[in-house]
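Q: One letter stands for each residue in the lines below.
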Amino acid sequence: MSNPFVFKSELWIPRYTGIKVCSLKELIEALKIIDKFSIFYHMYINIFNYHNLPTFYTNSISYWLYKNGYLLLAEKLSVIDPLDYFDLEELRNVLIKTIKENYYENMNEKKGNPFYFITAEREIIESGRIAHTLNEFIEGIKKSSINSLFYHLVTSRIENKTLINDYSAWLFNMGVAKKAEKINKLDLYSRNLYEIKKEIIEILESKEC
Amino acid sequence: MLEEYIPFVGEETIQELILISKKLKDLKVLHVNSTYKGGGVAEILNSLVPLMNELEIKTDWKVFRGDERFFSFTKKLHNLLHIPCGKYINSDEIVYYLKITFENLKEIDTENYDIVFIHDPQPMGLIIKKHPGQKWIWRCHIDTSTPDPQAWNFLENFLNAYDACIFHMPEFAYERITIPIYTIPPSIDPLHPKNIELSEEEIKNIITKFGIDLEKPIILQVSRFDRLKDPFGVFEAFKLIKKKYDCQLVLVGSFAEDDPEGESVYKELLNKTSGEKDVFVLNLPPNSHREINAFQRGATVVVQKSLKEGFGLVVSEAMWKGKPVVGSNVGGIKRQIVHGITGYLVNSIEGAAVRIKQLLANKYFRDEMGFHAKERVKHRFLIIRHLRDYLILIYKILNQKS
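Going down the list, the sequences are from chains P and Y.
The opening position of the first sequence corresponds to residue 0 in numbering that gives the first Met the number 0, with each subsequent residue numbered one higher.
The opening position of the second sequence corresponds to residue 0 in numbering that gives the first Met the number 0, with each subsequent residue numbered one higher.
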């Protein structure tokens, strides 16, 4: 028998790192040294803050680049899917590499709107709900907040160092591989988390295994 | 009371608040500011303090007392922290600030609290009574990004003794701050009379009472009569719009009796607009919450064309009512409006006129943006998010101790 699923949630508070940048050169240098949870904040959490809006870009660094006229770079960075990474250091390197590859010395003009690096002080809480069966699991998700979804679909992968989210990992263990795969393939960054929740419940309640 | 917020934020969110508050049970928290009435800080504390108590975090709110001399100094300090203006702080003022602080130390018991929130500069000196084991947090509601150096030095003497500070947004924090800086935007309360749902009939009765035609589009700005809110710029934009659109401009505000500038701005505005039959300049008494609510709900487009702004929560109030807002690209307005999605950010009178015209001409845009505006406020600028941020902050700061 597989382990029960423990429903958790994640809350956070933004803390300003004191680092602000006004040019691409400064952005690259800052990305090398900032706290990895600042990368987490800007690449993962920021989309949570805007997930319910049809914003132009999927992360705040791309949005800053766009606002400052670096349209190509904004697109190059926005296509980076944070869910392809579970290691924040690897993601940091990809960001720096992408900017460097598309950066020329004449692009180093200082911009009037600085980019402020924020980091996330996080707190994981247990909801008190546990699922032993698929039905309990579905009920648990129905009662989950979008913060809880965010934790199990996004953060848990970083904590467990895997590309498979918590829900799917548990479903694989339960022998419902197709549902697990479908949930793991959901494009979280193209829809809002309420729609994602609805779709997960539909997948789980469908007859296919 | 918490249950009353479920329709706005969902039961799951309230459950999470209860879970996090259990970690803070039996904690004693104190908020200190300088007024029970008037202003955004008092309005937020009025909602926040009862909610914290309902979550079994014993929370008190005390007010720092001062006289006219004290508050004229802190007003000057406030202005100097906002922007250097050639004025200087003299030693008499510092001595008087300390005198009033010591008087308040006798009245305000801060000893029996685990966490003390001090709001803005007026009560900041109370920190000298900090006890080991207590955590003190300075909650700054103003933009101190480019302060007068002398004013900042004065403030810094107290600030460095705090365990953390909070600003609305990172842009407002001065770069010399060395203690942890948290960024927590302010919020509106959906249960406040300013924000509750109103019947169509009440909206109609309130608006038509002032002679405004509900059949004609209404462009609205709600703000104090203050040059920094640029009501004259809004009027100029209106004249550009009026060439093609048969619409009305409503400038709703108030001025305090002790604010001579407010009265002169109001009168100047009345003079300037006197020949315009579709312009309404309305000076409402303070606490005209339902009236403001009705105007925001009845408006076609809401404007906030401030030249400088703190956070400007009036933007969120309008957005909460599903209105697209055309706002200046300054201060907290740019944090609330997502350009092109929940409204428009503009940099000039002409920019404001163009965007207002686009919205007047296109109901689909208005409805779409209004929908997203409400969603934005629902997720980012309601009191429950604010409360949750405070609870996590308290937990995190207490954890630093261990």
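One should not assume that every hint holds.
[As the list claims (entries may be wrong)] With the C-beta cut set under 7 Å, the calculated list includes, among others, these residues of chain P facing chain Y:
{"id": "1", "residue": "V5"}
{"id": "2", "residue": "S8"}
{"id": "3", "residue": "R14"}
{"id": "4", "residue": "Y15"}
{"id": "5", "residue": "G111"}
{"id": "6", "residue": "Y115"}
{"id": "7", "residue": "E122"}
{"id": "8", "residue": "S144"}
{"id": "9", "residue": "L203"}
[What the hints assert, rightly or not] Covered stretches of chain Y (chain P as the covering partner; in silico rule of three or more C-beta atoms under 8 Å from a C-beta of chain P):
{"id": "10", "stretch": "14 to 21"}
{"id": "11", "stretch": "40 to 46"}
{"id": "12", "stretch": "169 to 176"}
{"id": "13", "stretch": "179 to 190"}
[Stated by the list, open to error] Below, computed lysine to aspartate or glutamate pairings styled on EDC-like, alpha-carbon distance capped at 20 Å:
{"id": "14", "chain 1": "P", "residue 1": "K141", "chain 2": "Y", "residue 2": "E11"}
{"id": "15", "chain 1": "P", "residue 1": "K66", "chain 2": "Y", "residue 2": "E170"}
{"id": "16", "chain 1": "P", "residue 1": "K7", "chain 2": "Y", "residue 2": "D388"}
{"id": "17", "chain 1": "Y", "residue 1": "K22", "chain 2": "P", "residue 2": "E120"}
Worth flagging that the hints you see were computed from the coordinates, not collected in a lab.
Virtual Cβ for every residue (Gly too), placed ideally from N, Cα, C.
Q: Are any of the numbered hints broken by this structure? If so, which, sorted upward?
A: Structure breaks hints 1, 5, 9 and 11.
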